[in-house]
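K.L.:
Put chains B, C and D with the ligands on the given structure of chain A with help from the hints.
Chains as they are written, first to last, in the working numbering: chain A, 1 to 297; chain B, 1001 to 1517; chain C, 2001 to 2368; chain D, 3001 to 3368.
If you are wondering where the hints come from, they were derived from the structure by calculation, not from laboratory data.
Be a bit skeptical, because a hint or two may be false.
Far from chain C by the CB rule (all over 12 Å, computed), these chain B residues [as the list claims (entries may be wrong)]: (1) Ser1066; (2) Ala1079; (3) Leu1125; (4) Glu1266; (5) Thr1323.
In silico SDA-like pairs for lysine to any residue, Cα to Cα no more than 20 Å straight-line [stated by the list, open to error]: (6) A:Lys78 to C:Ile2143; (7) D:Lys3153 to D:Ile3143; (8) D:Lys3153 to A:Glu217.
Note that the Cβ used here is the ideal one computed from N, Cα and C, for glycine as well.
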Amino acid sequence: EEMTFGYVPASLEYPYNVQTAEGFKEAAEKAGVKVVVLDPRGSVEKQGNAIDDLLTQNVDGIGFLPLDSVVAESFVDKIDEAGKPVVAIASQVGDPNTRAVDDPYPKLSAFVATDNFKAGYVSGEMAAGLLPKDRTAKIAIVEGDPAYAVVKLDTDGFKAALDKAGANYEIVAAQPTNWTPDEGESVCQNFLTAHDDLDLIFSQADDMAIGCARAIEAAGSKVTLIATGGGSKLGYDAIKNGEMYGSVCTRPRLLGALMFQSLLEAATNPDTPKARYVTYDMPQITKETLDSCPEQW
Amino acid sequence: MEKTSPIMTLRSVAKTFGNGTVALRGVDLDIVQGKVHGLLGANGAGKSTLIKILSGAFKASGGTISWRGQPVSWDSPKAANDMGVATIHQHIPLVPTLSVLENVFLGSTGAWRLASVSRKRFDELCERVRYWPDPDALAGDLSIGERQMVSILQALGTGADLIVMDEPTASLATDERELVYATVRQLSKVENKAILFVSHFLDEVMALTDQVTVLRDGEAVLRAETSTLDETRLAEAIVGKQIVELERAAEARIGPSAASGTPRLELRGLSSPDKLMPVSLSVAKGEVIGVAGLLGSGRSELIHAIFGADKDAVGDVLLDGQTLARSTAASVRAGIGLVPEDRMGQGLVPEFEIWRNLTLPALQGVSAFNMLPQPERERERGEEAIRMLSIKASSPDILVRELSGGNAQKVTIAKWMFSDVKLFLLDEPTAGIDIGAKTDILRLIRKLAGEGKTVIIVSSEFEELLAVADRILVMRDGKCIAERNVHETSEHELLLLAGGQGPKGQAVNGSGKAAGH
Amino acid sequence: MGVYYALLLLIFVLTMITTYLGQENYLSIQNLTNVIYQSSLTSIMAVAMTVILITGNFDLSVASVAALAAAVLVGNADAMGFWPAVALAMTVAMALGLLNGSIVQFVGINAFIVTLGTMTAVRGLVLIYTDGRSLSVKDPGVIAQMKAFESGKNDVFLLVVAAGIVCLALGIGSVIKSRSSGKSLRPAAVGTVIGGVILLLLALASGGELVVRTPVVYMGIFTAVVWFVLSFTMVGRRIYAVGGNSEAARLSGINVLRYKLMAFVLCSGAAGFAGVLFASRLRSINPAGLTGAELTVIAAAILGGTSLFGGAGSVIKTLAGALLLFSLTNGFNILNLGANWQGLIEGIVVVVAAAIYTVGNQGRAKGH
Amino acid sequence: MGVYYALLLLIFVLTMITTYLGQENYLSIQNLTNVIYQSSLTSIMAVAMTVILITGNFDLSVASVAALAAAVLVGNADAMGFWPAVALAMTVAMALGLLNGSIVQFVGINAFIVTLGTMTAVRGLVLIYTDGRSLSVKDPGVIAQMKAFESGKNDVFLLVVAAGIVCLALGIGSVIKSRSSGKSLRPAAVGTVIGGVILLLLALASGGELVVRTPVVYMGIFTAVVWFVLSFTMVGRRIYAVGGNSEAARLSGINVLRYKLMAFVLCSGAAGFAGVLFASRLRSINPAGLTGAELTVIAAAILGGTSLFGGAGSVIKTLAGALLLFSLTNGFNILNLGANWQGLIEGIVVVVAAAIYTVGNQGRAKGH
Ligand SMILES: Nc1ncnc2c1ncn2[C@@H]1O[C@H](COP(=O)(O)OP(=O)(O)OP(=O)(O)O)[C@@H](O)[C@H]1O
Ligand SMILES: Nc1ncnc2c1ncn2[C@@H]1O[C@H](COP(=O)(O)OP(=O)(O)OP(=O)(O)O)[C@@H](O)[C@H]1O
Ligand SMILES: [Mg+2]
Ligand SMILES: [Mg+2]
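Isolated chain A (complex conformation) (with noise of 0.2 Å):
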């Protein structure tokens, strides 16, 4: 008998979602599943709504990118509720100031994401290496819209690798964007105009990095920048020009394969363990290491 899997993801606006998708889709395609995606468009309402339609549609598994954690449990109860496997990918699933990230909420068949706070970590770990030893070193922080979690989690961790590598420094600086290169480019101008001794710009995404390299170029600046959840090709391109230093590799489209991978064994091995945490290896992207990111999404 065929079988459906309905995928619902934040919003196909942004390359990142797309990649999950796309990355969901392949895999389906390879196993012989057919797929629904659905667009919620950046609403957690109409996340909702999206699933109650793949409810009514009964679809033999539902994936997810939770736009909102702590919303996230209802919708996992609901699906859970109606006897079919529910799978988040990218973002948790419950109260990140509560919830320990490799522990994913119980009724969850599977968590599949980038570890953020490792993504920052990363980061961290590449920044302690650039930081001037001598003095204390200046950071600024172009961070991602002040609402969503990640925020948080790329910032902690992006801290705990300095701490750790004994790192001399201060964060002078941080400032929301709302994920776009535009914003980047205003906010790093900004920094630049207010700070003109920093030693080092952290972009929580590439996208906001882009942005962010035209503003030190045009200042003539010699700041450093790196990024986190990098991996695109549009990152793939800075770094090689030399805009940006490097950033952390993620990779959506492995996770759209991975949440197929685990709806496949929750849909068809009923004894398959639940809220089981899957997750991949995040190199550093260098100039040097250009290539050790197989994707560019």
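P.N.:
Below, chains B, C and D with the ligands without anything else, positioned relative to chain A:
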């Protein structure tokens, strides 16, 4: 009768509106160069519709128009303008956000907005009309009479050969009217232009026009040289029946009955900064007060101040001895009704039907449980108003936006006829109303007074004031400068007073007092 | 009437396509109740938005206000109990409406810019209040109350049958009356008959049990009340007059200020209630929750033919507008239409629906 | 004049705070040019939006159109070369403007709902075109052209000095004239004088070199042209007339349709140009790029006092409105204010700025 070929001829022009109203049923019209052609008719006869058709604003549903012997088919007002037809429309369309100067030259061509020639031409125009508005004032800030004058300048500015004027004098006071007459004469006699002139004032028509066409129900019922007619014939042709002139039967009038006791209305030092000097006044039950004055003399301000519609006004207004709170809601509740001068801007909700407009100020009267208006009763009221004021509308469900000017005006009056209004404030109530209905309305006012209601009426037609009022106040520059008993004054005196040349009149009680109260 | 045609047309097209593709039937009771449920919060806000649009104002801040109400509820329910927290949330929301209205009416600033400002400011309050984190309810008692308040199911079979019969009766009565009095058929009468038939068919199709979720009931009640007030009471008449020509209304003795303020308070109150429902549904709130919902709300009202310049609008049509928008998204989901094409199609459908409305209306009143 | 006061007040407050906190001076030339640069794309769109608002219409689709133009440019530049791709992008944008305008004017649907529809539909096109991926430019030749087009620096010292002197001269002339003719001082004259003084002070502070980036120059030229057309040509007067009372304009023989359509094309064209600049700056485009920018654009125009009902508005004030909004964000960054408080403060500043504007204007014209 000299034989000149008409500059414009209309043959069996007809118009049926989208809502099924037949406004014109085949009208012929010849307009001759150098002549003033009067177009008359009762409210809703189709005058404005005809004018909109010959100026290109509407498309006719049938018939032909020829211009200088050539059949034309305007598809836009621009086409008509370009050929030399300039129109002053009834509901004066100016651009409120542009200056007077720019409004006057709105349709002119050329590349520059602030060309100095236009200022020069503006001065010339003003000189021609002998009226000087502030060229830099915003049109939106003007009163309705001033707007009317600006639109006359606008039409003159185009230098057209045919100038069409749809009730240019309806909202003007005597002085400005004289200016318009002079202009019209100058245009036709000296500059040899053709003029199509619409008016409800028969004296005006008699004095000014060379020929007249009378419309009734969308058909031309009379076409004649003015010299062969008199006012009675005209009135008969317009209304379709003999009408009796409302005489200035002041003697026959029973004076205000209850002059003793508490006055119905008392004003104590009512004033409004920059607009109205302190006024004190006492009006009895059943008394009709006329307010005379020129354009911008503050008559409307006085009415608005009494009604509580002017937020800046200070001073006390007492109705039957009770001080009123200063809000329109309180005034209406206490039994005051206001007919404002700008019917579309202030009097009516254009997208409401006749019946919903009518019942707006007195919904309780047609509501069940004092809460739920009952459309059936409201429609009945609409029917009644249509009958009472002979409003030309097929049913009360017609939107007031679709009514002719005079009929819309009647609706603003009818709004106050169905509740217990003790004090009527009427600001130019007969503006744009035809001769038949005007008499009816003036009679209605007398009848109301007879029933013990009090009326304050503002009118630029002093004759009208003399016909209905018991007492007349004259205003100038925001001040009440004189008060006359109707028996003791004449139109001539009022004119002089309003124009500022009158004999030193007795001061109104308290207009000399300080603003204190 | 255009919006009804547009809605029926859309549903018809979706039904045809799903049937043709052999998919789950679009017209299933399950799916229809889903659509109505999905649209309920937006509909509640859109109904109130219609009122504010009728008075000639505008409110961009609804979504932010709803989010703040949700945050206040979630943030306080554990400590003070469900109902007191609801009361607090509603108070906050209505106070914000009063604030909006007061700034618009007393300072005289355009409502668009005022509510654009408060939209940003209130969203800022949400961020401050939640400190950028998602809040959630912990207390099991409160959770139970929230479930009872929001997630209950209600059999409205009898209600729908009754409403259908009433509509049918009223409609037929009105048709007969206009026939006998020789007047032309009023489209509203025909509409009422069709509405009645549809309701009865729905009841028939459901086979005696028509279960809807509680928010749908709230929406129904709220809409019915507002519709009644607007159509049949003096207050409603005055609301239309205030928007149609506020100067004429003022000079007719209507307290324009009061009605305009009231509309703001109603709109924010409805937003607050939607926020309360939202919070009860999800039992948590994230600082970005409901972002952008104001545009859907306004779009629903305008699709329903509400004028942006005041004086005209109908809440029933607004409801149809909201259903139209949600049927569309739901249709996309049922059809599994590629995400890329959704935006394009949605945009086109919105314009076409408005066109049906406008062209349908042009027979009645010719504009230039 | 209110928006200027509001802007000056905001800059003053920010300067005080930065000085007090001993931070980098807010008023540094570097920072001011930054703010202007950051606001340039929005300003270009807001200036065109002002025109469309003056004609009594509305355009919500600008941000989507800009994103589509950017996507078209980035997607085609490698294959067809930079300039042909720019031409293509501009053509697409202006065609969309014509489409918007045609639907609004010929079908007669409200501009709000039409452009809400096209906003969604065009964003859908962007998604379809990019297939949900970020596009980027590879060809080094094209990259070089883009840099030359967008990232150049231009010394405008002499220009600013010249503009300052002209303003000063015009302003003083006008003051003297009104003095001698005994009329009351027109605030515009005083404003021109102050503007001139500010420009000269700016030039002085820069110490002989005032480098701005190319988009600022484009913005300056575009604004100057639109300002000139609106203020001094007949076309400008007709644009105001069409918005102020389209019936009066029609009766005066103005081709209302043409001017309204033209405004839509201009607006989409400006959006297209902003998109081209955006794409040239980032040499890449992501499908969600510029989402939500339309609200900032409209807010700038309305803060500048443009009426939503048409007939009134000034592009210079719009520019001040845009600068106000961007000064604020820039101020937050310079002060490193926490993310939580920004929304609240931004909202309040917007309302206060509008209040300053409105209250300042109330002396002139009393509304009800
Ligand atoms: N836009 C419209 N839509 C429908 N009916 C209209 C419209 N304009 C006018 N009418 C109707 O056409 C008829 C003629 O109106 P018109 O305005 O020509 O009268 P009029 O002679 O100018 O009257 P008045 O002296 O009151 O100005 C009236 O019955 C009016 O109700
Ligand atoms: N909205 C306004 N803004 C500025 N000035 C006004 C406004 N309304 C009236 N005025 C001025 O106040 C003065 C009194 O006007 P008002 O309308 O009371 O005069 P009126 O005697 O009723 O004349 P009219 O026949 O024009 O109605 C006039 O000089 C007028 O220009
Ligand atoms: Mg007329
Ligand atoms: Mg007056």
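K.L.:
Each hint: holds or not?
P.N.:
Tested hints:
At roughly 25 Å from the closest C-beta of chain C, the C-beta of Ser1066 (chain B) stays outside 12 Å, upholding its exclusion from the interface. No beta-carbon of chain C comes within 12 Å of the beta-carbon of Ala1079 (chain B); the shortest separation is about 16 Å. The beta carbon of Leu1125 (chain B) sits about 29 Å from the closest Cβ of chain C, which is more than 12 Å, so the claim that it is off the interface holds. At roughly 21 Å, the least C-beta separation between Glu1266 (chain B) and chain C is larger than 12 Å, which holds for a residue marked as non-interface.
For Thr1323 (chain B), the condition that its CB be more than 12 Å from all CB atoms of chain C holds, with the nearest at approximately 18 Å. Distance hint between Lys78 (chain A) and Ile2143 (chain C) is fulfilled; the C-alpha atoms sit about 15 Å from each other, no more than 20 Å. Taking the CA atoms of Lys3153 (chain D) and Ile3143 (chain D), the gap is near 17 Å; set against the 20 Å cutoff, the hint holds. This hinted pair checks out: Lys3153 (chain D) and Glu217 (chain A) have alpha carbons roughly 12 Å apart, not beyond 20 Å.
Checked against the numbered hints given earlier, this structure breaks none of them.
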